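Below, each chain spelled out in residue letters.
Number of protein chains: 2
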Amino acid sequence: MSIEELDTTVVGVRRPRIEAPTKVTGTALYASDLPVAGLLHGRFVPSPYAHARIVSIDAAAALALDGVAAVLSAAALPIAGSGTRALEPLAREEALYAGQPVALVLAESEAIAEDAAELVVVDYEPLPAAVDLDAALDASAPPARTSTVGAADAADMAVHGDAAGSVEEAAPTASPNVTSTHRLEHGDVDAAFAASAAVAEGVFRTGWVHQAYIEPQVATAWVEPDGTVAIHSSTQGASFARAAVARVVGIPLEKVKVTPAVVGGGFGGKIVLIEPLVAAAALAARRPVRIAYTRTEDLSATNPAAGLRLEVKVGMDAEGTLTGIRSRIAVDEGAYGDMSPSGLIGPRIGAGYTWPAWDVEVTAVKTNKFGPGAYRGPTATQCTFAIEQLVDELADRLGLDPLEVRLRNAPTEGAQKLDGAWPAVAAREALEAAGEHPLWRKRAALPQDEGIGLAYGLFPGARFAAGAVCRMEPDGSIAVVTGLADITGTATAIAAIAAETLGLSFEQVRVNVVEASAAPQTPVSGGSAITYSVGKAVRAAAEDAREQILRIAADELEIAPADLEIVDGAVRPIGSPDRGVTLSDIARKSTGFGNAYPPVEGRGATVPAELSPSACVNIVHVRVDRDTGRVDVLDVAHVQDVGRAINPLLCEGQMRGGVTQSIGYALFEELVHDEDGQLQTPTFLGYAIPRAEHVPAIDTVIIEVPSKHGPLGAKGIGESAIVPGAAAIANAIHAATGARLRTMPMTPRRVWQALRES
Amino acid sequence: MSIEELDTTVVGVRRPRIEAPTKVTGTALYASDLPVAGLLHGRFVPSPYAHARIVSIDAAAALALDGVAAVLSAAALPIAGSGTRALEPLAREEALYAGQPVALVLAESEAIAEDAAELVVVDYEPLPAAVDLDAALDASAPPARTSTVGAADAADMAVHGDAAGSVEEAAPTASPNVTSTHRLEHGDVDAAFAASAAVAEGVFRTGWVHQAYIEPQVATAWVEPDGTVAIHSSTQGASFARAAVARVVGIPLEKVKVTPAVVGGGFGGKIVLIEPLVAAAALAARRPVRIAYTRTEDLSATNPAAGLRLEVKVGMDAEGTLTGIRSRIAVDEGAYGDMSPSGLIGPRIGAGYTWPAWDVEVTAVKTNKFGPGAYRGPTATQCTFAIEQLVDELADRLGLDPLEVRLRNAPTEGAQKLDGAWPAVAAREALEAAGEHPLWRKRAALPQDEGIGLAYGLFPGARFAAGAVCRMEPDGSIAVVTGLADITGTATAIAAIAAETLGLSFEQVRVNVVEASAAPQTPVSGGSAITYSVGKAVRAAAEDAREQILRIAADELEIAPADLEIVDGAVRPIGSPDRGVTLSDIARKSTGFGNAYPPVEGRGATVPAELSPSACVNIVHVRVDRDTGRVDVLDVAHVQDVGRAINPLLCEGQMRGGVTQSIGYALFEELVHDEDGQLQTPTFLGYAIPRAEHVPAIDTVIIEVPSKHGPLGAKGIGESAIVPGAAAIANAIHAATGARLRTMPMTPRRVWQALRES
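These protein sequences, in sequence, are chains A and B. All you need for the numbering used here is the position in the first sequence, starting with 1, plus 1367. All you need for the numbering used here is the position in the second sequence, starting with 1, plus 1367.
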């Protein structure tokens, strides 16, 4: 059936997440809740220095404490190699950032472990630290690492995929901290700028931003008698974590099991971090081990979004067509580049536009901070913050309508982009809907110091190979078997896809999330991939199951499958609702001791042929206090193309969540280090996430331009939802005050500074 | 590819069981080894009476003991209904056999539970017991049960399937203990007997026989916070147990998980017994609960093979053709008929022959003993004990060669049998091979009191609906995902089937046994079904996976799939061993972040079109001590058609195991009750299983007559292997002494008695 013809009855219906009752009533089993016999609790000994040589570790006093089972240093772990975050879950001879775990205390209780950690005496030889990104790039900067780096498995670990096709690796610059330089070039950018009616430029800075999930990192591991390492983890990707553990700990894949727990928020931060360590610790201690971060450990020693410096210059002709872009981007990779976005950011600076010419260079820089990880829409928020301000500025200077300018440069399918060709993007539909939104029309008449800004954005998303099983259970219900970590309600979405495809009610389908070695190939819950990529596999599996069900019913009823339909839990001849065979009957005859038919085992194994980015537009209304620089977000409209809203309630949840997170990103959130590399924001008192008072009602507008590739036309929407938010706030601040902000977060101090300068 | 053309490289190779090293080194995780936090241990309060009304249960003293968490009676369990074993895991108002669990004590340790169980005071009102099968059939017998029976779920629980098609339910006789009467009739048996050259008859009795697994029954259950009941059990059928728990405990199927543990022997006895109880106890106690039977509990309160009385009369014409059979069979169903073989035994009395006429009546009788369960080749050993002696006797009386007589009456495909039409059976091949065996030829010249006997037998086996998944893992290996309980080396067999089909080495395939709700439909490991039925699904899944692998390789190499082969872990163009793409590459591109291809997810969902019984012949050489009646088995040859030997070593293991068990059945094993219904054989001191000295070297002869339906021609062989053993020993005793034995086990006393009578 084609998407247009599709008259859905389950898909498109607003319903709460399947697991909501367990979360609301406190019966969801989070990773830290799992009862484990003989469990040891881990607590870190963190480095007090941003950079230091570890001379010695004296654990005698800690080990003397009653209830302490072990104090593990890097050397005690069954992990060989060095140089990557994965291979150095505990610092080896050198501590590379303040808060880096140097030793792991294992004790019978968390309290004992905490007491013991304070008794571990580490003798350090402090080394000069490279903290600030700009300073670290200087040729005279101290090296952020002095010890030799072993064979890294960074390529394997790269969750962001390979760098784009046209990227080249250049020789390092003179700074000892530059690890790589990537270039993307096309056309003559100088000539383009020369021929432009206007050119705008700026140096944009964005800080390190934490994913700020509610539940800190937590994982438990134990070793079964045959040597199998079993891990139960709050992870976004059980299969990925399984492979990482096998590789890092050096055990065969078949000897690793990873069960995904209920995840209390991830946003990219829980792809794989502590799983190899907890596995290694369990192997070393020969006891079950749990590591549950405190909030301070989580803010100090995980994998937030990298700090960036983006020099960007953009040209536009008199009609509003973009002519070219030049950008020099420095990526702060901190101490470990395993999960650096430096291979990814080059294409991202192109944002949602087509460019006739570009010259982009990305430099990855080591510093003495934690290493970066993934964060919802990695680097797109930051790049869009730069581009959407420059585009706004050019439209302003050329006297063009900002919406018209964006429409003019929006991509058409097949047009060139920095890393290939544009797939279909409903940018036009999103921008036009934004143009009609009352909030956008309201901007003409606003009080003093208020402004309305707009930004457009998208994230390309990912297309992942995925498998799924739709299995008829002995009671006639359908189980979707998957290994997915449900961080955004995707289990609810795929249940609807299966039910819709099979002609069943939502209640007749359930989702069985199973341990990674038992699960069909399931990608990381990242890259906006689950509904789009896994949902596609579920759709295929459900179609397969439906065929099998109809085949059995056809045999029972002696009617051709094509003349049958599934209605109300039974297969009936089309037009003869009084005849039929129930799904329970079919289950009994194919799963019990009856054996008339093979069991119903629908299988899906798919990979979308291309990406289906979800375009979106934010319109933001702000009021700026000129005396303090405080920005209040008064109103937001978020328009987003979702392809098809499998569950509009959950789509809106993603949209509202993205906008809310973008407000934090734009105005509040930053992991701040002092010049010695000490984290100044180690709790939620200092690391400011938006509170209810900071988030206005958000008007969400869903647009449905079906994807040719996603299940029932759906697109992945989770990441795009955050992308334009910060840029829209910056443009609104400009509309209110005439000031252009170049640094995120746009704190009162920075806004006040910008107001003074403008 | 046709079976005949098949040139196998993995299948047909002798190799030990995959899991053998873990069992030999003690690292296999048996169900009682599972560490569980907060575990309570269960111990039963058994009934001292074979039949009694339970007046009251006083648990006060037991509950006062430190460490006792609960004392549960039937009323405290969340199980409604009555009348079946499943619904009465603890006796309700009436104890129905000596040793029946009346209450369950839950305590922090097994020792405390045991002490507390002795403190529970149960007030009984003894009732007259119906113990002996013959006596229970008398009209004046006391009823074995006086309390009302609720809605039973016996039909649902019937693991032996429905009774055969031509069976009718007759009115109960005058005895209060007869629960049903089944009849099978065809032709005029009286006329057949009248026209026969000879008629032989006898009344055969066989005792209750325990499966005598090494590991007693054990299961653990806990309730997850969302109400899901998780069970870890030594079970032969996790999926079946899951459905049984859901039904008996009255919770939705989706809220039950059953993980099959390593099984320390089952032989039919661990299909489902304690799982509903342990689940109900965990729900009642709100704590994890383990029930691990002691040996005495296991011999006293499980589900052994039922005691039988078989009156059989058989006619033969002068040429040796069987003319008809009349049989009256009484089945001792004990206290519970849930798993009674009474619906199954009627057709079994026809053994491996075609009959022109039959008249069979089966009467099921309640007594005050445990209920029966399945036992390797249910009832076939007993029926064959009768038939093969009578056939032997007729051949003897008519002066015909016993092997020739059997060949003459062996079934041809499509010929009528008592419950339908004969599928293909390689009886002729097996009998002919037996005839050529040196041991059979040795019988002409034997010392005094020695004899060689022969018997032929088969078990029809089962054809079960089964699913299987062959999944390519991220490291390029293949995982066969299944829910099977491996009691006989079947994981090793299905790994070979998958490897052979995929063109891989045995080592490149592993078997992932997963929890029942995660597993493809997997039948109970019974009915000789796993290699035959699950192996067929694995074969289909592997073929599906192979196609998917070749499709990816074809795309990579730009060569048609038909021109490719899988060799040495890579896909190569046929005839170009230097080109190709490795399976690791294919895995990387279909499971990692590469995403060029969908993942390889081979799916099999099959049910064999008909049965493929495995015919076998035992030749046994015995010496009988005329003074004591002691029988020594000096030599055994076991000839068996296996269809195709997937792994000859494991086939021989099944054959040797079957013969060994048949020696126990024939000579030693019986659960003996005194006239009050007290079990006289509550330990392995009294219940005599064969020791090494009782089992001679067994010569196994594998015949391969491929099945049209089994994977690569394989047949299910586990049950047939035991069937003719006891009859062959009986015939050998006759050959040695001229005495005919009518009762199993043929203890020295019974043999001595028969010698006196003959």
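Simulated from the structure, these hints should not be mistaken for lab results. Here the structure is a predicted model, which means the values were calculated and not measured. Any given hint could turn out to be false.
For chains that are exact copies, the list does not tell them apart, and a pair is met inside one copy or across any two.
[To be verified] Each computed BS3-like pair below joins lysine-lysine, with the alpha-carbon atoms no more than 30 Å apart:
1) Lys2075 - Lys1622
2) Lys1390 - Lys2075
3) Lys1809 - Lys1956
4) Lys1809 - Lys1390
5) Lys2075 - Lys1809
6) Lys2075 - Lys1956
7) Lys1622 - Lys1956
8) Lys1956 - Lys1680
9) Lys2075 - Lys1680
10) Lys1809 - Lys1622
11) Lys1956 - Lys1390
12) Lys1680 - Lys1390
13) Lys1622 - Lys1680
Outcome of the hint check:
1. Lys2075 - Lys1622: Intra 40 Å, inter 37 Å, cutoff 30 Å: neither.
2. Lys1390 - Lys2075: neither (35 Å within a copy, 53 Å between copies)
3. Lys1809 - Lys1956: The answer is neither: 64 Å in one copy and 50 Å across copies each exceed 30 Å.
4. Lys1809 - Lys1390: neither (40 Å within a copy, 76 Å between copies)
5. Lys2075 - Lys1809: neither (36 Å within a copy, 78 Å between copies)
6. Lys2075 - Lys1956: Classified as between: cross-chain Cα gap 23 Å, same-chain 38 Å, threshold 30 Å.
7. Lys1622 - Lys1956: Answer is between; shortest inter-copy Cα gap is 22 Å, intra-copy 36 Å.
8. Lys1956 - Lys1680: neither (68 Å within a copy, 37 Å between copies)
9. Lys2075 - Lys1680: neither (35 Å within a copy, 74 Å between copies)
10. Lys1809 - Lys1622: This pair counts as neither: shortest intra-copy Cα distance 61 Å, inter-copy 53 Å.
11. Lys1956 - Lys1390: Neither. Shortest intra-copy (37 Å) and inter-copy (37 Å) distances fail the 30 Å Cα cut-off.
12. Lys1680 - Lys1390: neither (47 Å within a copy, 69 Å between copies)
13. Lys1622 - Lys1680: Close neither inside one copy (52 Å) nor across copies (59 Å); limit 30 Å.
Comparing the model with each earlier hint shows violations of hints 1, 2, 3, 4, 5, 8, 9, 10, 11, 12 and 13; every other hint is respected.
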